[in-house]
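*Asks:* Listed below, chain by chain, are the residues.
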Amino acid sequence: MIAWIDHRLPIFSYIEKEYHTFPTPRNFNYFWNFGAIATVMLVLMIATGVVLATNYTPHVLMAFDSVERIDRDVPQGWLIRDLHMNGASFFFIAVYIHIFRGMYYGSYKAPRELLWILGVVIFLLMMATAFMGYVLPWGQMSFWGATVITNLFSAIPVVGDAIVTWLWGGFAVDNPTLNRFFALHYLLPFIIVAVVALHVVALHIHGSNNPTGIDPKGPQDTVPFHPYYTMKDGFGVVVFLIVYAGFVFFAPDYMGHPDNYIPADPLVTPAHIVPEWYFLPFYAILRAIPDKLGGVLAMFGAIAVLFVLPWLDTSRVRSATFRPIYKWFMMLLVVDVVILGFCGANPPEGFWVPLSQLATLYYFFHFLILLPVLGKIERPLPLPPSIADAVLKKKAV
Amino acid sequence: MRKLLVTGAIALAALATGAVAIAAGTTEPPPQRKWHFQGPFGTYDRAAAQRGYQVYHDVCAACHSLQLLAYRNLMELGLTENQVKDLIKDITVPDLNDDGQPVDRPARLSDRFKKPFPNQAAAAAANNGKAPPDLSVIVKARTDGPNYLHGLLTGYVPYDKLTPEQIKEFAVTKDDNFNKYFPGHKIAMAPPLADDKVAYTDGTKSTLDQQSSDVVEFLAWASEPHMEDRKRTGVRVILFLLALAGFMYAVKRMVWSDKH
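Heads up: the sequence lines are chains P and E, in that order. Counting in the numbering used here, the first sequence runs from 1 upward without gaps. Counting in the numbering used here, the second sequence runs from 398 upward without gaps.
Do not rely on the hints blindly, as some may be mistaken.
[What the hints assert, rightly or not] Calculated pairs, PhoX-like style, for lysine-lysine (alpha carbon to alpha carbon, straight line, at most 25 Å): (1) P:K394 with E:K583; (2) E:K649 with P:K17; (3) P:K393 with E:K656; (4) E:K537 with E:K431; (5) E:K486 with E:K527; (6) P:K394 with E:K656; (7) E:K527 with E:K512; (8) E:K583 with E:K537; (9) P:K393 with E:K431; (10) P:K217 with E:K656.
Calculated from the structure, these hints are not laboratory results.
With the rest of the complex left out, here is chain E (with noise of 0.2 Å):
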């Protein structure tokens, strides 16, 4: 058993060793907040969601595609198949007709999210220079991405209210975003969100924080829609091994008996 121990020890410092190479950066970190989806158990919570998708379809998608999704996915996130196809009755996406010439057509559930721009290089040159990045994998694709986007979303500091200092050691000028978590400080992206900006349908107040927290829980979502049945079959996994060590050992153990 001690001997176990020493092995897991090794084990967790050939881990820990992992954990550094992600831990790296000069900003410094964004605040921690309790999401929904973290820890075994978490689930999404589906109402943010849902409001989060608002929150994309109304603000974000203007510059940021979501090209991984198709609309059918949004049944994942409690709606019905009816409520989808509500939801994107007003979208057109391009398409081909039976001559071949370029229509845009209304589009299907099974149609990926609709990309707001025609191709990367049109996104680039709408966006000085640098198309918006695809926001399928973004909260995957950012070290403790639930919280730096939501620090990323309310960070901003407008350029009064910035010290002098600060001012100074960045560069920054009138015309510059200044937020608090992006690295380098000067973030292309103007503040996307402000109280008020979306007009909730369920009632919910509609502050900045709320609006964040919403399209953050969504974008989550977005990242593994299969979050919740990974846990679900990892805790039925997990269990069953456990009782099979349990048997083994016991087995083990009978078997060994007249040896010890």
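So that you can see chain P by itself, here it is in the shape it has in the complex (with noise of 0.2 Å):
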């Protein structure tokens, strides 16, 4: 049976070849979890999506009502709800834990500059995603929040403002808007789903990266994809999950703003207005430049450095490990993207401005002007003869 399927249609023998037998460095970290785990958040995501959709109500005067019915009368729907809720931000974790592991050991290079690009293809998706569910339950931050990204397309010259009315479905963030964020944030996870199988057929043609950065050269320097992976992301996502189910349980709001639990009132605008917690060092660097249409090309210019970053580091060495400068350069860019991340979560105002536009300049500085340079001047440590080799050392110390 199963062979007169497969000679129809192979899909036994990829599943066999792609996840079995499928050759992979022998020498992961635990960074190569992550992956998986943002797969696992995905499907996670979907999932409850799917289920909260069947109860939820797109109509600005329903919409807040719906939810809270949601949590309150539907049987465990504040489970998938408080699920949701924080699978959003620990897909975020996953992903950007995902993005500094393929950063820190060069995953971009040769020949993965697609698999790369496709990746952050996901993460714009994921985004634009994300903050369209935020405004779904019509609260206060939902409304405020779709006014000022949406508003961010008129800063574009000429064609602005009727970009905006055509985005909104009127002149204001309305029950249009509502009905069309709430289709989208149906379909793109979907579209999610579609590139992150290409992510998977372009990361198979090659292999994946391996924390020595240098390639396998034989079967000592790899092990199956099964048992050996299956076991080793099986257990990483069960210490996910745990993280995950502890703010689940235990503070479901914590990462939400307390003000999404008041009606959304047109009429009445928060104190400070912040998007959720993944979106704030964006939203520093949205504001540190003091012109509209600057900060918006400034925040969208922080995505698009990342799909050339394939060609803006010029070391021919992958893996961090071996070098020596860019290691910390790397990690300074982290310490840069969480002050970005303070600045974005504080009002405008005080030392927070100078202190956004210096971790802005410095942001672009790493990717620009730095990784350019850097590649050329840096003298690499001796890379190991084989991952074999790399490992069977590493033991002995």
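Two chains, two frames, some hints: make the complex.
*Replies:* Next comes the structure, spelled out in structure tokens:
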């Protein structure tokens, strides 16, 4: 029976080839778990999201109460909602760590440039999806977040205002806006799934990068994906889920903003409009530039540089382990992004303004100036002859 | 393991940025007190919440709606069906009769809490142009909700107790209500609670602090009636995941034993 199907539609031999015998570098550390973790979170978000959608009402007069009804009256509705709400944050945590790993170990370098670019596309789609999802409960932050972010497009010269009206489906954020955001919030995750599929296809052409950044040279450098990495990923996923469950069950509103429990009111502006935490670094970059169009360009530029990262980094060595200077600058970039996050969370006044400008400047300096130059001047440490060699040497120490 | 810690540190840093987003404001923070529902195993104090319902019913309900709750929900506070029916026996709610004409009929368990005003416009008109907020999720809708509400309800300062600097800085007049914890200090709501304002049926001494903490307990429950279920489920889920992680780790070690 399996042979009959496989002869016509080779799904079994595909799974065998790509997820069982697939040769995978033997030296992954736990950072390599986060691709699997992100996949689990994506599936979890779609599963809980579909259930929520069956109970949600996308209407400005009923959306807030329908979310509360899910919380109060739908059997286990609170659980599904808390999983979804915190799932977004934990999806971003997994993806941010995944991106960090890619940057630290140079996973974006040849021949994995398209793999990296597809990853950035997924990240962009996630941001759009998360933003529209946050609008759906129609609380104060939903409404005002939607107003602020859609208004960014008005910075575009000449056609800006027309674009904003088109996005809103009217002359203000209102019921048509909520309806289209709901439709798109339901659509985009499936597009993410499609891009993830491409991401995985691209990954399986040349195989995974690894902590040494050197290519496997033979069977002694690799292990079959199953059972070695199915087990290791499985363990990592469960550990991640423990932390996630800690928030879902014991601090479900910790990462949300209290104002979003106030029903949307177009006549009352909240004291500070802040996006969800995972957007804060980009929000800080947006506000760091005193000019509206400049701010919007800087914010989108912050993501655009990621697309060309494979060509900005001129070093031929992938892993930061063997790049004594880059290693520290990579850590500094992490610190910089965290500082930007704090800047985004605080009102743009006092020392936060120059600090966010400085941090923004450094962000672009890292990608546009430091990386191209560093690749030329840095003297990398000697690379080990093979992965197996590196593993055995490490064990001897 | 060390790398796991590093990963954890990054995640924590990300979370810390979230915490900062919540901590904003200029008024002094309300005093912190220990609530019965706090902590991973905290539960609602049923007696306090029942008294809190009485405070809501006797005082707050004159202006504030609680529209997400139905009378049947009161049974979750440990009251029997008959006790709740007894509580609502004098309440009438607007409805349509069989001829489609508006009538008032006795409230049923399935009815939502009766609103003090027929609509938002009427609520605003009766309160100097601004409708009093609904209290259904008020505890979740304020930073440090329980402490803030308790601080607010007990934090009124009479005009003659204000310092000249306060009067000057916040332009307070004799007709204003000054509250220590309200952002901007001038609040439209007159002090709602006072010693002996509510006659408790269970013999508890009716102080301002008691009424306030009781009504906060009740409103915390109203904001999240399923909290105890959430925490109970969480303990089971985490214990299960910890055990599963242990097994997974053991199997992983076994699988990898020939490679290490």
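*Asks:* Look at each hint and say if it fits the structure.
*Replies:* Hint check results:
1. For the proposed pair K394 of chain P and K583 of chain E, the alpha carbon gap of about 67 Å is over 25 Å, so the pair is violated.
2. With a C-alpha separation of about 21 Å, the suggested pairing of K649 of chain E with K17 of chain P holds against the 25 Å cut-off.
3. For the hint pairing K393 of chain P with K656 of chain E, the CA-to-CA distance comes to about 14 Å; that is within 25 Å, so the pair holds.
4. About 17 Å separates the Cα atoms of K537 of chain E and K431 of chain E, which keeps this hinted pair within 25 Å; it holds.
5. At roughly 31 Å between alpha-carbon atoms, K486 of chain E and K527 of chain E are farther apart than 25 Å, so this suggested pair is violated.
6. Between K394 of chain P and K656 of chain E the CA atoms are separated by roughly 13 Å; this keeps the pair inside 25 Å, and the hint holds.
7. For the given pair, K527 of chain E sits about 16 Å from K512 of chain E by alpha-carbon distance, which is consistent with the 25 Å threshold.
8. Simply put, K583 of chain E and K537 of chain E have alpha-carbon atoms about 22 Å apart, close enough for the 25 Å limit, and the pair holds.
9. At most 25 Å may separate the alpha-carbon atoms for a hinted pair to count; K393 of chain P and K431 of chain E exceed this at roughly 55 Å.
10. A threshold of 25 Å between alpha carbons decides the hint, and for K217 of chain P with K656 of chain E the separation of about 17 Å falls inside it, so the pair holds.
The structure fails hints 1, 5 and 9 (numbered hints given earlier, in ascending order).
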